[in-house]
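Chains U and L supply the protein sequences, listed in that same order. Per the numbering used here, residue 137 is the first one in the first sequence, and the count goes up by one each step. Per the numbering used here, residue 216 is the first one in the second sequence, and the count goes up by one each step.
Simulated from the structure, these hints should not be mistaken for laboratory data. Here the structure is a predicted model, which means the values were calculated and not measured. There could be a bad hint or two in this list.
Derived coverage of chain L by chain U (criterion: at least 3 residues anywhere in the stretch with Cβ under 8 Å from a Cβ of chain U; other residues may be distant) [unchecked claim]:
| hint | region |
| --- | --- |
| 1 | 227-235 |
| 2 | 248-256 |
| 3 | 260-272 |
| 4 | 533-540 |
Cross-link-like lysine-lysine pairs, in silico, DSS-like; alpha carbons within 30 Å at most [unchecked claim]:
| hint | chain 1 | residue 1 | chain 2 | residue 2 |
| --- | --- | --- | --- | --- |
| 5 | U | K159 | U | K215 |
| 6 | L | K282 | L | K326 |
| 7 | L | K282 | U | K215 |
| 8 | U | K225 | L | K489 |
| 9 | U | K234 | U | K215 |
| 10 | U | K159 | L | K489 |
| 11 | L | K326 | U | K243 |
| 12 | L | K528 | L | K282 |
| 13 | U | K225 | L | K476 |
| 14 | L | K489 | U | K215 |
Just so it is clear, CB atoms sit at the ideal spot from N, CA and C, and this is done for glycine as well.
Chain by chain, the residues run as shown.
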Amino acid sequence: MIDRRIRVLIAKPGLDGHDRGAKVIARALRDAGMEVIYTGLRQTPEMIAEAALQEDVDVVGLSILSGAHNVLVPTILEKLHECGMNDVKVFVGGIIPKEDISPLLDKGVYAVYGPGTDTQTVSEEITRAVSLQND
Amino acid sequence: MPQIDPIAIRQGDRLALSRALTAVENNTPQSRVIQSALFPYTGHAHLVGITGATGTGKSTLVNQLAKALRHSDSNMEAPKVAIIAVDPTSPFTGGALLGDRIRMQDLAGDKGIFIRSMASRGALGGLAHQTAAFVTLLDAAGYDLILIETVGAGQTEVDISRLSHTVVLVEAPGLGDDIQAIKAGIMEIADILVVNKADLPGAAITTRALQSMLDMAYGRNQNIAIKHMRQTTNIEPTNSPKQQNTNWEIPVLQVTATEGKGIDALITNIMRHKHYLMESGLWQRKESDRLRRELEELIQIRLVHQWQQHLDKDQFDAVFEEVIQRKHPPLEAVEFLFESFKD
């Protein structure tokens with residue numbers, strides 16, 4: 137009777153107030169059968185790590201449109217590790233210039249999704265990433 | 216899956232607690248071990264249910280309540296507060312969007328608060344099947360007050376009355392007339408009534424309607440009200456304190472949660488209700504009712520599971536086919552199936 141569902145935190149760090157993309161992804165992952173926790177706008181890295189810990193999520197999805205990803209993402213990764221969330225997969229979406237993608241991946245981000253990414257691709261890759269980990 | 220240490224949970228390890236909640240929610244074999252280890256340490260937390268219709272402001276109210284509880288002026292040490300926020304699971308995809316935390320951002324950074332969102336996963340009573348088990352874990356982890364926010368509840372989501380000691384029913388102006396207030400169901404389970412959004416027009420009318428509903432039900436005709444309730448609902452009167460003891464008068468409080476107005480009065484009444492339960496001996500009675508129900512529910516789940524395991528699929532399909540062809544009603548089909556199950 138084990139009933140496992142993928143749990144995802146969708147968070148918007150930093151100061152941009154445009155969360156349409158975050159909501160679209162949240163909705164799409166919900167429709168893919170996941171439990172999606174949305175925390176709203178203007179989250180600090182500490183708030184995101186704390187929410188990820190309390191909700192024990194498998195995945196954290198960050199939506200950043202402000203250009204501050206090179207500062208915010210590494211800080212969030214660090215805070216997640218500090219509270220022991222070492223297995224959590226971090227995805228980044230939003231406006232991320234090409235040259236910034238591979239440094240982010242090197243730092244431990246699982247994938248970066250730009251505008252126009254098919255939501256089905258995102259949900260399939262999340263499912264794969266989480267199930268690989270549980271095997 | 217890494218092992219979770221129950222002792223770490225008792226010592227305040229938040230990651231261990233969080234992992235244990237997941238194990239319980241997913242019903243893994245390990246979750247049983249954890250619950251067995253922690254159960255002896257439970258029974259201390261005050262369980263406060265927050266229920267009411269969608270959009271009445273339950274999450275905002277919970278946010279303000281938790282914040283005020285943590286920053287009270289009294290000399291006593293602030294209570295540790297846990298929040299379980301339940302939101303509905305989609306019956307079509309099994310997924311859920313859990314958005315209660317959006318209203319609880321004020322609470323970030325306080326280690327004396329633990330918030331966990333929970334999807335209802337098919338349960339219909341306003342909670343999830345594992346909410347009671349969540350309470351066990353949070354209680355053992357040392358949280359003094361556990362605020363349980365139900366899904367946006369309509370009229371019959373009354374499971375919260377069986378789980379919590381104190382039920383706060385949140386209403387808002389403009390949602391219904393005085394006839395809604397005397398319908399059976401959710402109105403009957405409240406220990407404290409809150410008219411939230413009291414800054415909106417119509418708040419006074421809603422407050423008056425609720426007050427007159429209470430006067431009608433628990434005023435001079437109290438015994439008639441109890442008798443009527445027994446006949447019309449399957450809620451045991453023992454689950455509702457005011458029906459067995461008239462000393463608790465249900466307060467109707469006006470609150471504007473977005474501004475924090477009326478929150479102190481609400482906290483005073485929640486504490487007063489706890490005191491009343493303790494003094495009257497109802498606390499123990501509620502605890503034993505709750506545990507009995509939990510036990511009975513688990514037996515039901517177990518029986519259904521056993522039934523499914525022993526079920527002869529071919530026989531079921533054959534009997535079901537006859538039901539579809541209108542040869543036998545479902546009631547009779549059950550007789551057939553159980554006849555062979557007994558052997």
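Now for the hints, and whether the structure bears them out:
1. 227-235: holds (count 4)
2. 248-256: Answer violated; 0 residues pass the 8 Å Cβ test.
3. 260-272: violated (count 0)
4. 533-540: With 0 residues in contact (Cβ-Cβ under 8 Å with chain U), the coverage given for the region 533-540 of chain L is violated.
5. K159/U x K215/U: Roughly 24 Å separates the two Cα atoms, so the pair holds.
6. K282/L x K326/L: With a Cα-Cα distance of about 12 Å, the restraint between K282/L and K326/L holds, given a limit of 30 Å.
7. K282/L x K215/U: holds (24 Å)
8. K225/U x K489/L: violated (43 Å)
9. K234/U x K215/U: holds (25 Å)
10. K159/U x K489/L: violated (40 Å)
11. K326/L x K243/U: holds (28 Å)
12. K528/L x K282/L: Distance ~54 Å between K528/L and K282/L Cα, so the pair is violated.
13. K225/U x K476/L: Status violated; Cα separation ~41 Å.
14. K489/L x K215/U: Violated - the C-alpha atoms of K215/U and K489/L are around 39 Å apart, more than 30 Å.
When held up to the earlier numbered hints, the structure conflicts with 2, 3, 4, 8, 10, 12, 13 and 14 and fits the remainder.
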